[in-house]
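Here's the letter readout for the chains.
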Amino acid sequence: MTGEFEREDAEAERLVRISFFWQWLGLGLLIAGQVLRFVLPDEYIPAECVLVLIAVGITFYSISKVTDADAAAYPRQHRDVQQKRFRVSLVAMLMLGSFGAGELARLPVPPALDLVMLWYGLTMLLVPAFCFTYGVKRDLDEEINRILRTKALRLGYVTLLLVLVAVAVVAAIRPAALMIALAWGLFAGIAVPILAYVVLDWLSDRGETP
Amino acid sequence: MTSDDEIIAKLDASDRAVTRMILALAGAVLLLVAIYAAAYFTGESALLQSEGFQFAIAVLFAAGVVIVIARFGRKYRPDAYSDASDPRIVRRRIDAHHRYWRWSLVSGLVATSTWGLNFNNLVRFAREDGGLALVASGIMISIMALFSVLTIIGPGWFSRELHAILNDEFIRDLRARTVRLGYLTMMAAMAAALLTAIWRPDLALPALAWAFYAGFAIPALYYVIADWQASRDG
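So the sequences go chain by chain: W and D.
Counting along the first sequence from 1, when you hit position 57 you're at 849 in my numbering, and nothing is skipped either side.
Counting along the second sequence from 1, when you hit position 207 you're at 365 in my numbering, and nothing is skipped either side.
Just chain W, with the same shape it has in the complex (with noise of 0.2 Å):
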């Protein structure tokens, strides 16, 4: 029985690290393009670009390295993978949201691209189970998860409520920057509740898995 366990938590350990190793790298190369947006002068922006879109390539390959087979034998461990790729990618979602909020002043089609971003993150917050398949939905749908979530999207909603505060602040004093305001504000209202959720979550501890 002894060797059998053994042998279980090991394969675990595989699954779990096979999946990281490609999500981690992803999430890695997307801050990277934001701090090289920021210190690089504008005309490296196709560059990092190209940075953002391979980072989201290589996060949808780590998706696909665990196999249905993989989740069958091992659904526990499967289950709190799943868990953990959510905060990976709710974090990898604000990364590109920032990457949209920061250009969002001069382009026509990055502030849409920022909304899309937006909304992304935003349903993935309110309901993950949309977004992917049933067996997300399994895995991400229990109680303790949707509290979470509950008091993620509370924090998040005075966060608005402040932020629209601060924007009525703002026109009245200096119209001229509502419009910036009002960007970064509502890149603030998805940036605090998914930050407020992955803290949570990991503070919650429900790791079974190394």
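What the hints contain is simulated information worked out from the structure, not anything from laboratory work.
Predicted model only: the values in this text are computed from it and were never measured.
All C-beta atoms, glycine included, are put in the ideal place defined by N, C-alpha and C.
Hints should not be assumed to be uniformly reliable.
To be verified - Every beta carbon over 10 Å from chain W, so not counted as near; a handful from chain D, in silico:
1) Ser161
2) Leu181
3) Ala192
4) Phe230
5) Pro245
6) Glu319
7) Met344
8) Ala351
9) Gly373
What the hints assert, rightly or not - Covered, in the sense of this in silico footprint (three residues per stretch, anywhere, with C-beta under 8 Å from a C-beta of chain W), are these stretches of chain D:
10) 297-309
11) 332-338
12) 356-369
Dock chain D against the given chain W, drawing on the hints supplied.
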């Protein structure tokens, strides 16, 4: 010695009297708005400016307030409220507290409904004159933010009695749904305000004001209707 049943009957009658007073006053305000709208759309807007017309309206409104208070005020019993927060009474009047809270939200909806119309002027005055107008718009924004927070977090932090009553599993679940809808509304309203600011910068301020109002009104209405539909009143 008054029995519990008598106290509860008094409190219920008192609550009904308050509800009817609110309804009557809201009806009077609606009538006033209808009169003004009729005068405006029939081209008699000069009439609205005349002192005689405004005096007549003021007298009519004051008379209405006096009549309403005289008609329903007799049923309003402040003395009954001294026992209202006693646990043995509270336990039997939970539904009344839920009803009271629903009415508070609806009253807030009515009270803040002219917000979207006033906001633009307030911000313009604040920009031109500063001072008093800035204070006035600050007060309006604070009231709106207070109502929104009361809707989303609940009135529990407002009074210990409400915290004890409006805090069961059902209402927490209802409030979680309200939070979800409220966040979605707020996000959509802010995105709409942003798009308005991009394409029609002159309409940015009204859009902002309506984003404020929608962020409060839609979740509040959802909560009121869902709580009323749950029908715990018997």
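Right, here's what the structure says about each hint:
no., hint, result
1, Ser161, "43 Å, holds"
2, Leu181, "30 Å, holds"
3, Ala192, "31 Å, holds"
4, Phe230, "36 Å, holds"
5, Pro245, "29 Å, holds"
6, Glu319, "23 Å, holds"
7, Met344, "4 Å, violated"
8, Ala351, "6 Å, violated"
9, Gly373, "7 Å, violated"
10, 297-309, "holds (count 4)"
11, 332-338, "holds (count 3)"
12, 356-369, "holds (count 6)"
Hints 7, 8 and 9 from the list above are not met by this structure, while the remaining hints are.
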